[in-house]
Amino acid sequence: MLFSINTGLLDACVLAVLSRGDEYGYRLTQEVKQVMAVSESTLYPVLRRLQKNGWLTTYDQPFQGRNRRYYRITSDGLTQHALHLSEWKEYRRRIEGIFGGETNV
Amino acid sequence: MTRAEFMRELRERLARLPAEERNAALSYYEEYFDEAGPDREQEVIRELGSPASVASRILADHAVKEARQSPHSPKKGLSAIWFVLLAVCAAPLAFPVIFGIVGATVAIVGAVVAAIVAAVSLIVGGVGLFAGGLVGLFSTPATAIVLFGAAFLLWGLGKIVFIIIGAGVSLLGLVVAWLFSRSKGDSHVR
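These protein sequence lines are chains R and P, in that order. Numbering-wise (the working numbering), the first sequence opens with residue 13 and increments by one. Numbering-wise (the working numbering), the second sequence opens with residue 6 and increments by one.
Derived from the structure by calculation, the hints contain no laboratory data. Errors might be hidden in some of the hints.
[What the hints assert, rightly or not] Straight-line alpha carbon distances no greater than 20 angstroms define the calculated DMTMM-like cross-link-like pairs of lysine to aspartate or glutamate that follow:
| hint | chain 1 | residue 1 | chain 2 | residue 2 |
| --- | --- | --- | --- | --- |
| 1 | R | 45 | P | 25 |
| 2 | P | 70 | P | 25 |
| 3 | P | 70 | R | 72 |
| 4 | R | 64 | R | 88 |
| 5 | R | 64 | R | 23 |
| 6 | R | 45 | P | 46 |
| 7 | R | 64 | P | 44 |
| 8 | R | 64 | P | 14 |
[To be verified] If we take Cβ atoms under 8 angstroms as the criterion, some of the chain P residues that face chain R in the derived model are:
| hint | residue |
| --- | --- |
| 9 | 33 |
| 10 | 36 |
| 11 | 37 |
| 12 | 39 |
| 13 | 40 |
| 14 | 43 |
| 15 | 52 |
| 16 | 54 |
| 17 | 57 |
| 18 | 62 |
| 19 | 63 |
| 20 | 66 |
| 21 | 70 |
Just so it is clear, CB atoms sit at the ideal spot from N, CA and C, and this is done for glycine as well.
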């Protein structure tokens, strides 16, 4: 893709996916990969960072004789997600203003 | 490369991380391989890239976290520099760049060691003068008092040099970690 995805946008996408329900690492990666070209190795540092920030927690669930680690968004994470949404609306408004030829956005 | 080889190399490259961080990372990638299934093993390895680049990202992230958690401690500063250095060495970089970075690091470490030696010798000199003063305290009291004064002066100077070293190292750690976090801002994209 022409436009690069920075760390902040990636964080926001992961929180957005988790705001709809808990996920385990592999499924989460597949979901994020569907909308942006991130590599498989990218998501681990992101998840670790979000966890350290207190925006998500983990829990293990047995699956076929091993554990699946699930990620769940916290209330702080939901607050952060809401902040992302409002920031994004503003960002989109400005960019679309320029693309659409309005100069006084 | 097989899954086992990939995981073994990743484990070796993360050896410097705290055990908790290292195990969390390793079990994440083990789980990832499990989920993908044996059929997709080669595909996953190709997509993950080399263990070196995976390790590099984890180490870099750890360095930034270290520097942010305790911005004013010289020890954390040194540790952040160390992890950035490891991350750089793990990354597939051009050799001239690595040589440059290693050279600069050696120079910085040399300067820090020299400053510490200077501070220690100031303090040792102070102790010597103080001892000299004690010996002559009753025979030549005036000289003894001058020697005491000189000893305290040297101790003070030594302490100041130590404080400057500590501040310098922690500042350096912050700067290096910050530069590194900026330079990898967009590198998360394939």
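Results for each hint:
1. 45/R - 25/P: violated (28 angstroms)
2. 70/P - 25/P: Holds, at about 15 angstroms.
3. 70/P - 72/R: violated (25 angstroms)
4. 64/R - 88/R: holds (12 angstroms)
5. 64/R - 23/R: holds (13 angstroms)
6. 45/R - 46/P: Distance ~18 angstroms between residue 45/R and residue 46/P Cα, so the pair holds.
7. 64/R - 44/P: violated (33 angstroms)
8. 64/R - 14/P: violated (26 angstroms)
9. 33: With Cβ-Cβ at 5 angstroms, under 8 angstroms, it holds.
10. 36: holds (6 angstroms)
11. 37: holds (6 angstroms)
12. 39: holds (6 angstroms)
13. 40: It holds, given that the least Cβ distance between residue 40/P and chain R is near 3 angstroms, below 8 angstroms.
14. 43: Since the shortest Cβ distance to chain R is 13 angstroms, the answer is violated.
15. 52: Since chain R brings a Cβ to about 4 angstroms from residue 52/P, closer than 8 angstroms, the hint holds.
16. 54: holds (6 angstroms)
17. 57: Violated, about 11 angstroms.
18. 62: holds (5 angstroms)
19. 63: holds (6 angstroms)
20. 66: holds (4 angstroms)
21. 70: holds (7 angstroms)
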